[in-house]
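Now for the letters of each chain:
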Amino acid sequence: MLEVIGVSSIEQLFDEIPAELRFDGLKDAPDAMSEMEVAQLMQQRAQADGQPLCFIGAGAYDHHIPAAVWEIAGRGEFYTAYTPYQAEASQGTLQLLYEYQSMMTALTAMDVSNASLYDGASALAEAVLMAVRANRKSKSKRVLVPRSLHPAYRRVTHNIVRNQGIELVELPFDRNGGHTDPAALEQFVGEDIAALVIPQPNFFGVLEEVDALTDWAHANQAMAIAVVNPVALALLQPPGEWGSNGVDICCGEGQPLGAPLSSGGPYFGFLCCRQAHVRQMPGRIVGKTLDLDGKPGFTLTLQAREQHIRRSKATSNICTNQGLMVTAATIHMALLGGEGMERVAAGCSANIGLLTDMLTGISGVETLFERPVFHEQVVRMPLLVKDVLRTLSAHNIQGGYDLSTDYPELGGDAVLICATEKRTRVEMERFREKLERLVQMQGMKSCGAMPDA
Amino acid sequence: MLIQEQSREGRRASSQAPLQQVGQLSIPARFRRRSQPALPEVSEMQVVRHYTRLSQKNFSIDTHFYPLGSCTMKYNPRGCNTLAMLPGFLGRHPEAPENHSQGFLACMHDLQESLKEITGMRAVCLSPAAGSQGEFAGVAMIRAYHDARGDTARSEILVPDAAHGTNPASAVMCGYKVREIPTGPEGDIDVDALRQALGPQTAGIMLTNPSTLGVFDRCIGEIAGLVHEAGGLLYYDGANLNAILGKVRPGDMGFDVIHINLHKTFSTPHGGGGPGAGPVGVSARLEPYLPVPMVQKEGDSYRWLTEQDRPDSIGRLSAFAGNAGILLRAFVYARMLGRDGMARVAEYSTLNANYMLKKLQKAGFEAAYPNRRATHEFIITLRREARALGVNTMDYAKRLLDYGFHAPTTYFPLLVPECLLIEPTESEDKDTLDAFIEALITIEEEAESDPELVKGAPHTLPVKRLDDVRAARELDLAWKPGAE
Amino acid sequence: MSNLPTELKYAKSHEWARDEGDGTITVGITDHAQDQLGDLVFVDLPEEGDSVDAGTDCAVVESVKAASDIYTPASGEIVAVNTALADSPELVNASAFGDGWLFKVKMSDPSELDNLLDADGYQAVAAAEEH
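Residue numbers (this note's numbering), protein chains in the order written: chain A, 1 to 453; chain B, 454 to 937; chain C, 938 to 1068.
The following block holds chain A by itself, in its conformation from the complex (with noise of 0.2 Å):
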């Protein structure tokens, strides 16, 4: 081969970078590892971290996904594929693409749908820069952010959007409910507002009053983008029909279907919206059309609103999907159909209600939001979350998600916890059994009865 180029050295070919920038060789990489070795070092690392039994959500949950899902997703033909820039020959990935964009309008009652954006969060950034470019009958770059909407989903997208003059109102969220008032919008009406982001659940997993947040926006010329959970939607209202005409924008978290935990990632953001905001969304979209034989086919389309046409003008500088969580999804959507998905959801709902009962049979515990709830539910102890969560984590429980940093409003002694349908009523007896422990030992403690330790 070098005969061919017509160098003596593999080192020559590297003779137009200038001498003075060469760097002469890493030093403190390690030495290569065989795939035995770093498989024996991945173990170790890995089942150090144990196998908690996990009662924390917070926008990641812990679903059982069917064994076909990555069995299939983890083919080498979908898993070592790229983008479908030449659709002939990835007519599998479109297709796919095409059945993902259909599951996900029929979930959510919207009429179109994108190929997936990087994660929930990511998403909703999309959306408000989304809303800002189409409405056009707002010129104010203000958004409505409720205070309830998961704060790590407030601060990503305040940093996506803040450099383009896009400015985040928070609503507060009332105190009894957990949820945004709608007699809170009252002092912004006739103010220019460009859109009102309302999720559902929100972050405490309550219910929102979604009909009368959407109708308030539609009425003060806002746009409404909802934040949803994909799998309450299997029980929930879909956005498509909240109000009296729906949300325009819609987007949240796909992890639920099918994307394992995973430390947060990758997981995938959907993002869906009405015909006419089709050409102001961001990220690959496929479309149906026909071969030159008449035969049906997907290939990507719209493309003159992405980066690689549109340059500086393009509605994102987005540029992949999360193909690989997508296909996973759809499978998986694919595998449980609406009744299948309307029974994780029912067993989510049972079990949290369940999980409620027996934490707060114990003195001293007690829910703190009044209204109902899909999956998660806000518990005020009697000690420290910070102390509750340490004690169990060292028995191999992980109790929930501490507020005190994102809500200090709340005080230290607020918890979200969360139960999904994996959760089996053994499991939540050994959570109970270990904080009732807790407060009574601690009880005992501040009587004075015990030293402290």
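What the hints contain is simulated information worked out from the structure, not anything from laboratory work. Check the hints yourself; a few may be wrong.
To be verified - Okay, derived cross-link-like pairs now, DSBU-like style, lysine-lysine, Cα gap no bigger than 35 Å in a straight line:
1) A:LYS141 <-> C:LYS1002
2) A:LYS139 <-> C:LYS949
3) A:LYS27 <-> B:LYS883
4) B:LYS812 <-> B:LYS908
5) A:LYS27 <-> B:LYS569
6) C:LYS1002 <-> B:LYS811
7) C:LYS1043 <-> B:LYS908
8) C:LYS1043 <-> C:LYS949
9) A:LYS295 <-> B:LYS917
10) A:LYS313 <-> A:LYS386
11) B:LYS630 <-> C:LYS1002
12) C:LYS949 <-> C:LYS1002
13) B:LYS883 <-> B:LYS917
14) B:LYS917 <-> B:LYS815
15) A:LYS141 <-> B:LYS630
16) C:LYS949 <-> A:LYS313
17) C:LYS1002 <-> B:LYS933
18) C:LYS1043 <-> B:LYS630
19) B:LYS933 <-> A:LYS313
20) B:LYS812 <-> B:LYS917
21) B:LYS815 <-> A:LYS386
22) C:LYS949 <-> B:LYS908
23) C:LYS1002 <-> A:LYS295
24) B:LYS815 <-> B:LYS883
25) B:LYS883 <-> B:LYS569
26) C:LYS1041 <-> A:LYS445
27) B:LYS815 <-> C:LYS1043
28) C:LYS1002 <-> A:LYS137
29) C:LYS1041 <-> A:LYS137
30) B:LYS917 <-> A:LYS313
31) C:LYS1002 <-> A:LYS313
32) B:LYS811 <-> B:LYS917
33) C:LYS1043 <-> A:LYS141
34) A:LYS139 <-> C:LYS1041
35) C:LYS949 <-> B:LYS630
36) B:LYS815 <-> A:LYS295
37) A:LYS139 <-> C:LYS1002
38) B:LYS908 <-> B:LYS883
39) A:LYS313 <-> C:LYS1043
Given chain A, work out where chains B and C should sit, using these hints.
This is chains B and C only, laid out in the frame that chain A set:
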């Protein structure tokens, strides 16, 4: 046939969902949906068969040579996948407490440290979810740096005309105007044009080096000097890091901030278009602004650094820590390559590209930059063929599919007409490269003797050439119940 | 490019303008421009009543592989847009100087038309691009 079209009322994959019926629900009726979503009603076997068949309609690295320029479609070792999916990693909740996280965080920390040395940067954050998010983070840090110094008149990011479209799009998302810098005749940046474009309005420049033209920009030292002199910062788009791994480092070239496409250089799967991972690295002056979370080692234990620890950070760009499972794969890959393997990646990918370039030139194809060495990729232009034979680059690309090769990147970069950007990667052997070259030569002959054959390609795939215009004019983006 | 209408004025950015004699102009893109773009799939038009400044972008024409901004050749108010293009963007391909017009502007400064090229001038610009 779509999975939706195979649906039959009442059919189910019954053991996949909880067995108990939907009983009494505590959710009031007014919050509930009126009917079940119209998802497919099919059996487990139907699902498995349907998606297995769909997979077989794809070209992929596992089945085909995939020389897609700028995408680094190298072999994805199976061990990386298996080990990233060990139950302890797969089941770990992103908000898991630190005592259930040390194994995972150790991997993240090791990867973070390795990337520092490989790129020559001061500090690295792993969390951006893809190249474009890494770019966004990089430009946002440049902005944060200038803003923190009260240097707010800098309104412009410079981008070479050969750059990936994500570069200008990312700059605009960060509130900057974009000015294009032309490329000189030999593929290096036009330094005189750059000099004229620089000024007090310059926030920075975004460069890919080796560039998307398949050549190493020899003036990089001078460019870095000029931009820094003007008060701007240099952003390195790591799309082509594969070509220089262990040979020359972005940090040594003078870059202030970089992103690395782990799905390219570190061989994580492309997955039909993602997920990727786009860690960012910075020089000392940008360190305070790195996104969160980052991993820190304290004594023998590891923890995430968050907003509370890093008040000047541009913040988080995804809800948790980015595409953690992809980062694990990259970590395993880096460990299997080891210190010496890194440089071998650059050597063999560069060898393969230069070999193909020379062979194709000898066969009569026109190189876009005939006087230059190829890096890990190179461009040939078919403008002569397009003019003389009426057969264009897209026709060649489609015909290559008939010969069992995925097409190279076509019509990018925009400044070379009728171009093919070819990146063989280090994974491929000489026989495969030769077979691909033979196929291009055969297509050239076909284009001369029977142009319609090439223009009508592909002929052997599940569908013939698709009507893109129809797809965009008569939008059909979702199957709806009742529609056939 | 033999049939370049001589009664029109042209911009270097490939728009044409027809002075309707009543203080308004009709604006479209040239046959050369539509030919370069290929089959159009979408035209994004301004809204009636929008005020526009000469040389700023106020519409977009899209083909499968490209999207191109359209700059108004004169300042003023948009008084009409070609609504037929919403369903039939291909009209621009079929009849760039006729049924494929884009929008009409009521000019605030008719002298701006003097800055535009005549048919010969535009012919030279377009020919130089094709080289």
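Holds or violated: are the alpha carbons of LYS883 of chain B and LYS917 of chain B at most 35 Å from each other?
-> holds, 31 Å
Given hint LYS883 of chain B paired with LYS815 of chain B - CA-CA distance at most 35 Å | holds, 17 Å
Mind checking the alpha carbons of LYS933 of chain B and LYS313 of chain A for me, to see if they're no more than 35 Å apart?
-> holds, 32 Å
Proposed proximity, LYS917 of chain B with LYS295 of chain A (alpha carbon, max 35 Å) | This hinted pair holds, its Cα atoms lying about 8 Å apart.
Regarding the pair LYS1041 of chain C and LYS445 of chain A, is the alpha-carbon distance no greater than 35 Å?
-> The given pair, whose Cα atoms are some 82 Å apart, is violated under the 35 Å limit.
When you check the alpha-carbon spacing of LYS313 of chain A and LYS1043 of chain C, does it fall within 35 Å?
-> holds, 28 Å
Keeping to a limit of 35 Å between CA atoms, is the pair of LYS949 of chain C and LYS630 of chain B held or broken?
-> holds, 23 Å
For the pair supplied as a hint, LYS139 of chain A and LYS1041 of chain C, confirm whether the alpha-carbon distance does not exceed 35 Å.
-> holds, 24 Å
Sort out whether LYS137 of chain A lies within 35 Å of LYS1002 of chain C, counting only the CA atoms.
-> With a Cα-Cα distance of about 30 Å, the restraint between LYS1002 of chain C and LYS137 of chain A holds, given a limit of 35 Å.
Taken at face value, is the distance from the CA of LYS295 of chain A to the CA of LYS1002 of chain C at most 35 Å?
-> holds, 22 Å
Is the straight-line distance between the alpha-carbon of LYS1002 of chain C and that of LYS933 of chain B 35 Å or less?
-> Distance of about 28 Å is within 35 Å: holds.
Is the straight-line distance between the alpha-carbon of LYS917 of chain B and that of LYS313 of chain A 35 Å or less?
-> holds, 32 Å
Consistency with the previously given hints fails for numbers 7, 10, 21, 26, 27 and 36, ordered from lowest to highest.
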